[in-house]
Each structure stands twice: as structure tokens, then as C-alpha cells.
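> Sequence:
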Amino acid sequence: MEPTPEQSPHHAYPDHWEADVVLRDGGTARIRPITTDDAERLVSFYEQVSDESKYYRFFAPYPRLSDRDVHRFTHHDYVDRVGLAVTIGGEFIGTVRYDRIDDTGRPASAPADEAEVAFLVQDAHQGRGVASALLEHIAAVARERGIRRFAAEVLPANNKMIKVFRDGGYTQRRSFEDGSVHLTLDLEPTEKSLAVQRGREQRAEARSVQRLLAPGSVAVIGAGRNHGGVGRTVLRNLLAAGFTGRTYAVNRAFDEGLATLDGVPAHRSLGEIDEQVDLAVIAVPAHRVPEAVADCGEHGVQGLVVLSAGYAERGADGRELQRELVRQARSYGMRIIGPNAFGIINTAESVRLNASLAPESPARGRIGLFTQSGAIGIALLSGLHRRGAGLSSFISAGNRADVSGNDFLQYSFEDPDTDVALLYLESLGNPRKFTRLARRTAAVKPVVVVKGARHSGSTPPGHAVPVSRIPDATVSALMRQAGVIRVDTVTEMVDAGLLLAGQPLPAGPRVAILGNSESLGLLTYDACLAEGLRPRPPIDLTTAASPQDFRDALAEALADGTCDAVIVTAIPWVGENGEAETGDGQVLAEALTRAVAGGSAKPVAVVHVEIGGLAEALAAASSTAAPRPRTVTSAARTRAATTATTTRTTTTGAPAAPEATTAPATPDATTAPEAAPRPGRIPAYPAAERAVRALAEAVKYAQWRRQAAVPGKVPEFLDDTIDEAGAAALIEAQLSTAPDPRGRPLTHDEARELLGRYGVDVRPTLPAPDPEAAVDAAARLGYPVALKTTAPHLRHRADLGGVRLDLADEEALRRAYGDLTDLLGKPAELLPVVQAMAPRGVDTVVRASIDAAAGAVLSFGLAGAPSELLGDTAHRLVPATDRDAAELIRSIRAAPVLFGWRGSAPVDTAALEELLLRLSRLVDDHPEVVSVALEPVVVAPQGLTVLGASVRLAPPPARNDLGPRRLPNY
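The numbering used here applies: residue 4 is where the sequence shown begins, and numbers increase by one.
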């Protein structure tokens, strides 16, 4: 007999299984456990399922559910019997159930690890990805409850369900028995199942944003009769932009006789509108928003832009209102931009949507813009308009309670009208996911980010997201690793965006400089050197140069194979009468445009001083090469997917050094960036430093693209030096003795043993509580030795006299022991130890730590002042590849010390790279290892020595990026 829920030891309602998901068509739905209160919902749901779907579910005609069926399908113990439902508007649209079975197929309890699973989806919602989402979630539930396999019986004609199982990516076996297909799925996630899951996530989230940006109809709720209100302003902006769809004004305060407002139909509620409304812009006071959302949900609106303020930016009460707003909208299958949003814009000719407070819709262009701040959004729109740049899309998300920068990246990755994605972010709700999406997107198009609130240590008002404790320098390094172009100001974002959207990527760092001002050319030359570029001596055309001279010089530079980019500097030229002429600017712009028309695919930027109309005229100039196809090719998709993941290989040798960022590049079919740039304009800059900085970012990004085309590998080290199982046993044993959920630090010997399982040898130390013990320890270890204190306040502080080195004999050791205790205190306070001397080398420090939001981070720097005082530390996400390890040690400013600085012997960087990879493997394989510090690591010309190690274990932090798809709930 099956146990009742009351008899089950795990019958509590598992609210952590509840999740909001985005379906294939971009709509949202809620997945939750089925409870005893769902009887009526289940019956109503079943009545709406076709006879054919019922037949596929029960293998026989089954027109209605009996009372016993309803009881069985709504009573679960949430361990051996589990049911999940997908709901929209509180009603079921799909269900899934598993029952644990034994080897004979009969009901069972643990330790049986197989379960029979069955799905049923309402016919009206089939094809939306409901069953696929349910499979991900029921599989995660099953794994949590100790179930490792699903068994399913499917009729051969039920092709849709067979496809759900087949496309899930899980390892499966299939047989044909008694007229049905018998499927067995292993529930352990695989690389393929994870890739399938993320692919579905990308398409669904991209579609959800696309539905918001390309609606067929828009209703402005709160459009007032008087001019000047927020709603009325948005309505007029919609009309002024020439929105191609239907527009409605909605306000419950309208007079019953009012038929139109600003020439569009006026209604008191959405219920009065006979046609489908796709997007609603809500501009009513916060206390009236729930009523408006309910009206939208009940009439099939697909998405909301909530301009209303008064939410999380007002404190705790407003934060709860914001959460309730998101819950309410998602319950109807709608996504939200906002609240407290500025609006959205889509300049596509087929849409022409300006559902924002921006009075003028920007020109059509190739830049996508996302901002979490309305004020910054206004500044960016104004700056881009002033520079003659156009946008493909614009989202100002306000409090970003739902749609976030991650969603925008999902959309930008596929959008054929977007060549560059610009994002102003004040918070990262899911840094792991952002890094993954940014890496994939950056593999096919540039991603430029400005991060606000970098040093405040808290999120801005209104952003109810987890706070990461990772320093901003680390965040910046991780963004760079993902290919993100991180800049400091919105001005720099516009500068970089203009160059990247209008010009091809440079093949290297070699820059030609030409112009009619020697001084401006020298300023540009100096700026290039400061940014790590390789400028050629400036070509001075003299102040008498004509536009034709500029054209000839630029054409020659573009044809020169020894440069990768050209910067043109221009001041007003001298006319025939000897006086400076500011000119029209149009003449010079035409000359430059003609020069690039037949030139090679190299980026060109212009630095100008007081030449009227030049920037505006250049805004219409063509790019230096033919337009590239406006789609993401399958090859690009493959490269993006490859870039977003890492693979393991059996290679054991140390990798070669990566190509230096400033090294000359030789384009070829394998490494060159795509040479077919987007159609664009020649960007103009009012200062040399701004143009050079934008070009330098393009050079670094192009270098990243070339390297990302051939991703690094995570070596397997199959040389019997890694004992993953042994390390796991040690970790389990140590954590079992520490009931504190915060975990515990390991002793020196425990840390040595654990690290040794991964081939990391830590030089042993022996305690020296008195001089005799010190002498005995030295005799065991062998002279020469070091005498060190291990008291926390003196650890690694040789400058305070707590370390005595090169003690060659007993006499020297005893003398050092006496000096140490006389100077610093009693042995019981100092906790001295003796350690054998290591070969001379460079002292470094290697660390790994886990941030609950961002994940595991590997860090490297030189020990002492460079890393502690100057912050000269490099970082990479775990798992690190061979390329990451090589770049890590070369990316610190003090790296020359490792490579023979000032005539010193170069150290064994290959051994250092291997150490980094071993430590990366350790924390990747065992998330219970929450922090490791190896300090110092002395790297000699041959080999290295780890002299100190500290390790902390704790229960692993929850991962929000490995489970089934779900929208965040903050």
C-alpha cells in the first residue's frame, strides 16, 4: 500500500520548487507543486484537453477523471510521488507526475532510484515548450529526491512527446514493448542537456523581449485629457514616431462620449477594445497599477511597460509592492519593463515604436542600448543624437524588476538590426549568467558596458537584487575575460559604440596618424602610446593642406600593409589669403569618404578641432568595407557557443604564452576578426584622447575575438596526480566534524593533504614551541631552514621581523629563535615553526574564492606590496583554461619581474601555469572548497615551491545557473 502524505517523513510543501519560466513564444508561466487544493483546477484543466491527448496519456479513451483519479493526482508525498503544474492566470495548462518504482515497475520508496513519469499539456498550449520546461523541473526535483532515472511509456503515434524526451539532451535508451515505446532517461545532467537547456532559454528570453519591442498594437493606460501628463506624452511620442501598429488611449476617467484622443480610439478600459492589445504602457499612480495589470492580464496583453514610480526606490514597503507587481504580471504570462521606467524604442522601419518619454525618436542605426537609469538614458540618447548616431533599439528598465540586462543580451545576440550592444548597469542580478551571455554575444558582436554604483557596496534604490562582495577590479577583470568592453563613463561608451558600429575591427595595434596639425598629431601619438597601441610617426600635411591632400594621404595609409587603423587629425585649414577657414566641413567629409570608399577594411577615426559641420557630415559617410550579412550565421552561433563553454582535454603540458595584446597581428582565415564590417559612419571626436581610447578598446576586443575563435582547454591531468575521489572523501570527513554551516578552516596538515590530492605540494612545517623543538625540527628537515611565526597578526609579515631565513646551522637557529622571542613575544604567542628553505625565486600569491553570486574566481599577483598595496592582482573565472592561466600571470602590471626584468633570470612560468590550473580544478570539482590561499609561492628558474597554504571548507553555496530555467524573484 502506498504511504499517505501524512505518513511520509517529507510531506512539507516544497515552495523552493516554485518557479516562473519563459515559454518558447516569450510568454511566462508558473510551475509549482500540485496540492490537495487543486482538485477543481485539475478537473477544469482535464475537460479542456482533447480526446486524442487523453488517449495518448492513458492509452485508452478516458473522457473524464474519476474522484479517485482526482484524489490520486492531487495528493502527493513530494518524495516518492510528485506532481507539478504549469499555470497561467491561476489555471492549469500542463501537468507532469512521477511515481517511484522498483525493478518490477511496482510502487516503491527509497532507495529505489527509478520513477515512472507522464505529461499532459492542454492542446491550446502545445507547441509553446510547456512539456520541455516541465521535464527540466521534474528532473531536478527527482534528482533532489534521489531518483536517477525516468521511465516512460509512449504510444508510437505520440510524436510530440517522443520528441520532448529525445530533444532533452539526457542519455536515454529506447525499446518497443507491447505496442508502446519504452523510454529510459538518465537524469544526470550532461553537456548536451545543459546546452539544450541554455539554447531554449536564449530563444525564449529573446522572444520575450522581441514581443515587447515589436508589438502589433499598443494601449497607453493613463493617457490624460490634459496635455503634459506622462501618459499623454507617451501617446504623442508614439504617434510622432509613426508607429506602424494600432494605438489606443485608455483612462477610466474618460467621459463616456469621448471617442478619440489625439486621433486614436479612446476607451475607459481594455475590455472596450475589440481587438488584441499586445503591449500596454502603464502611466497611472502606483496604487492603481494592480487594477491596470489585472485588466491587461484578463484581456490577453503580452507585455507591460510600467512608467509609474513609487516602488522599491521608496523603501521596504515599495519593494514589497514591486514584488507583488511582478508576481501579478507573471501570473498572467506577461513580462514587465520597469517599474519607474523611461520607456522603450524600436526604430525598425516595420515598427517605428517610441513608447518612451523621449520627445524625439532617434534615427535608425545599428546600436542597441539598455540602461537601468532614466536620466542616463536621456543623456545617452542626447549624446548619440548629437553625434549623428542611430539606434536599433532602446530599453530603459528603471527598477529592472523583471526584464534585465541579461534579457537584453539574449535579444541582442540574435537581433539582425543590432551590431553593437551598449549597456549601462547599476546592478547585476545574476553575474554568472551575465558573464555567460556576454561571452557568447561578444563572440559575434561587441558588448560595451558602463557599471554604475561600483564602489558603494550596495545596490541603488529600487534594485532588489543580491549584492556581490566581489571588488570592482575583479568584476572588471571578469568582464574582460568574457569579452566585454568595460568603460568608465557614458561618454566613453558612446565613443566606443560609434567606432564599433561604424567601422571594421582592427587587425592589430599599428596606427597611422595623419593631419594638418603637427601638435595635434603629436598629442594623438602620445595618446596611442599611453593606451598600448603602436603608432607610426605622424604625417604632417601642414596647415596648407587641402581636402584633396587629406584624401590622398588617407588613401595611401589605407593601402599601406604596415598599419591596422588610421586616425585623421584636422584643424581649420589656411586659405589662399593666409587666413584660417573653418569651412563647411562638408568638403573635408566628402574627401575622406571618397578615400575610404576604395580602401582596405581598416577602421578610420577623425579628431577635429573647430571645423564646423564636419561631425555631422561624417555621420553620413559609409564605412570602409562592404556591409556584412545582418544575421547570426550558424558558424558564428557555433563559435559563440564554444566561447561560452570550456572543454577538457588530456593535454598535460603547459600552454604556450598567449599572443600579447600589443603584438602585431597577421590576419588569416583562422584568427582574423570578421573583416566585413557593418554599414556605418566615420566617427568624429573632439579630442585625440577620446578617439584613441575608443580605438584601443576596439583593438583589445578584436584580439579577444581572434583568441576566442579557438577557445582554451581545461587539461585533465591524467597522470595520476589528481585524486578527485580521495579529495571528496577528505572534504566530507572534515565537514562532518563541523556542524557550523559557515564551515571551518583546515589546519596546515589538513590543507597539505587535500592539496596534495590535486598534485599541489606544500612544503611541510614543524612546530617549534621552544629552541630544542626548533633544533629537532631542523635536523629532520635538513639545513638551511627558515624560522617563521604563524600568529595571525604576524603571518607573511617579514617586514615586522617575524621571518628569519637561511639559517645554516644549529647555532644560527638558536640565535634567531632568541632574537625572535626577545623582539616579538613569547613562543606561545608567536607560534613559531621551522621550514626547509626553498630555492630563491619570485614570491607570488595564488588564491581562489567563491562568491555566491559570481561563482569561483582564481586570482594571481606578486606577494607583498604589489598585490596588497597597489592592488596589482589579476582574476579569472573558474574553470580556468590553459589560455586563462597563461594570460593570468601576464596580465598583472608587475609581470616583467617573472620574465627576466633588468637582467634577472626568468622564472618557471610553465610550472606556475600548471599550479593555477590544478587549483582551478580543485575548486571546480569541489564547491565545498570556498577559499584557498597559497602564499607565498616561490617561483624559481626551475620549478616552484608552495610555502604556505590556507583552505576553508563550507557547505557549497546554492548555484542558480545549473538548475532548470527560471526567472529570478528578488
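Worth double-checking, as some hints may not be accurate.
[Stated by the list, open to error] Simulated restraints on C-beta separations: (1) Thr492 to Gly946: 41 to 51 Å; (2) Thr492 to Asp277: 44 to 54 Å; (3) Gly219 to Leu525: 42 to 52 Å; (4) Thr724 to Asp126: 40 to 50 Å.
The set of hints was computed from the structure by calculation and includes no laboratory data.
Built from N, CA and C at the ideal position, the CB exists for glycine as well.
> Could you run down the list of hints and mark each one as holding or not?
Hints versus structure:
The supplied range of 41 to 51 Å is met by Thr492 and Gly946, whose beta-carbon atoms lie about 45 Å from each other. Distance hint check for Thr492 and Asp277: the Cβ-Cβ separation is about 49 Å, which falls inside the suggested range of 44 to 54 Å. Roughly 57 Å separates the CB atoms of Gly219 and Leu525, a value that falls outside the hinted 42 to 52 Å. A C-beta distance of roughly 57 Å is found between Thr724 and Asp126, which places it outside the suggested range of 40 to 50 Å.
In the structure shown, a violation is registered for the earlier hints numbered 3 and 4, in ascending order.
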